[in-house]
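Student: Sequence:
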Amino acid sequence: MGKLSTALKATLAAQFLPRMVWAAADAGGSAAALHYRPLNGDNLRELARRKMHHGSDIFLNPMGIPRDKRFWQVLSWKLFHKNAYGDFLDDQPLSPVTIDWEPVKAHRGVSVTFIKHSTLLIRDEGCVLLIDPVFDNIFWFIKDFTPLAFELDDMPRPDHVLITHGHYDHLDKPSLAALDPGTHVISPLGYDSEFKAVGMTHRTRLDWYERYSDGSREITFLPANHWTMRNPIFGPNRSLWGGYLIKTAGGPVIYISGDGAYFDGFEQLAEDYDIDLAIFNMGAYAPRWFMASSHMNPAETVQAFQEIKARQLMIAHWGTFQLGDEPVHFPPEDLTKALGEKGLLSQRLDLGHGQTHFL
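Numbering (my numbering), first residue to last: -5 to 353.
For the record, the hints were derived by calculation from the structure and aren't laboratory data. Computed from a predicted structure; not experimentally measured. Beta carbons: idealized from backbone N, C-alpha and C, even for Gly. Treat the hints with care, since some could be wrong.
[As the list claims (entries may be wrong)] The following label-pair restraints were derived from C-beta to C-beta distances:
no., residue 1, residue 2, range
1, 146, 77, 32 to 42 Å
2, 96, 35, 30 to 40 Å
3, 134, 35, 41 to 51 Å
Using the sequences and the accompanying hints, generate a full structural model.
Tutor: In C-alpha cells:
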C-alpha cells in the first residue's frame, strides 16, 4: 500500500486501539524511569473503598502516570520508527484454532481453555465462564492470525461472560452478539450503551473489590494499572477497567489480570488471595518507550508473578493481533527466557491457542 493508506491506518489505530492513544514516554527518556505511580504504603483496598479512582465525570488511575495525547508520536512510531523485529514480521503464518470440546464438556472439575487473544473459557463443575470474547477480526486493517476453525455452536454455552475493560480487542460487540442475549454479563462500571446495543440486559456491574457470587463460585473485580476508551470524541476512562479473582466451586483460585502495566500492588493481592493460577495478559509490549505505561513486558510479568505468589503462571493477549512491534508469536519465547533467568520454568503453564488445561 502507499503512504496515504499507511497514514490512514495509523490515524484509525490512534483513535481506537488500546495501545496507540496515550504515549508512554518521550523516546529520549530514561529507560529506568518508573511507568507507574508507587503506592508508597497506600492500601489498594482502602483506595478503592474511598473511591480514589472515581473522578467527577471519568475514572482515574491511582497507579498510573498521567500522559498527554501525542498524536505525532503515534505517527512517528507507525510511519518512521524502525521496528527492531522487522526481519521477523513478514513470515508470520496463520494459525487456525481448532478445539475438541468434548473432553472439556465431559470433565467434572475445573478447566481453562485458551481460545485466542485474551479469550478464555473456564469450566467450573458444569458452569461456564467466558472471558473477553473476541471471535473474529476487530478492524479491517488488523490481521487476525488465529481465525477460529470450529463452530461457535460447538463451544460450551457460557453462563457468565466476564469483561475486563472496553478496549476493542476485549469488548467486541459482534462477538457478544453471537452469544445468547440472555447470558449473564459481569463487567466493570459503565458500558451500558455497549451491552444495550447487543441486547444483553442481564448484567452485574462491579467496582474495584466488589464481588459477585452465584452461590457456588465467587468473582471479585480487582484494580489494574490501565485505562480504557471506546470513542475518542468522548475521551478516555468513561468506564472502568480491571481484572478478576475467581474462587471456583471446584477449588482452584484463578487470577485474570486483564490488560495492565506493572505496578507495585501485586504483593497486596498476594496477602488477600491464595492464587493457584495467575493468567497475565502479556503482549504488545514493544517498543517500551511507547508501551510500558499500558502493558507489561516478560520481565515485569515474571516479577508480578513472583509478587502475587501464584502457583502457576499462564499468559494471554498474544498471537492473534499485531498490536505492538514484537511478532505475534514472540511472547511465549520471551517469557521462557525471562522465567529461565529466575529459575521458574517449572511453574509455567504453557498453553497455546485452542488448548485446555484440566486443573
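Student: Now, for every hint given, state plainly whether the structure supports it.
Tutor: Going through the hints against the structure:
no. : hint                    : in the structure
1   : 146 with 77: 32 to 42 Å : holds (35 Å)
2   : 96 with 35: 30 to 40 Å  : violated (51 Å)
3   : 134 with 35: 41 to 51 Å : holds (48 Å)
Hint check: a violation occurs at hint 2 only; the rest are consistent with the structure.
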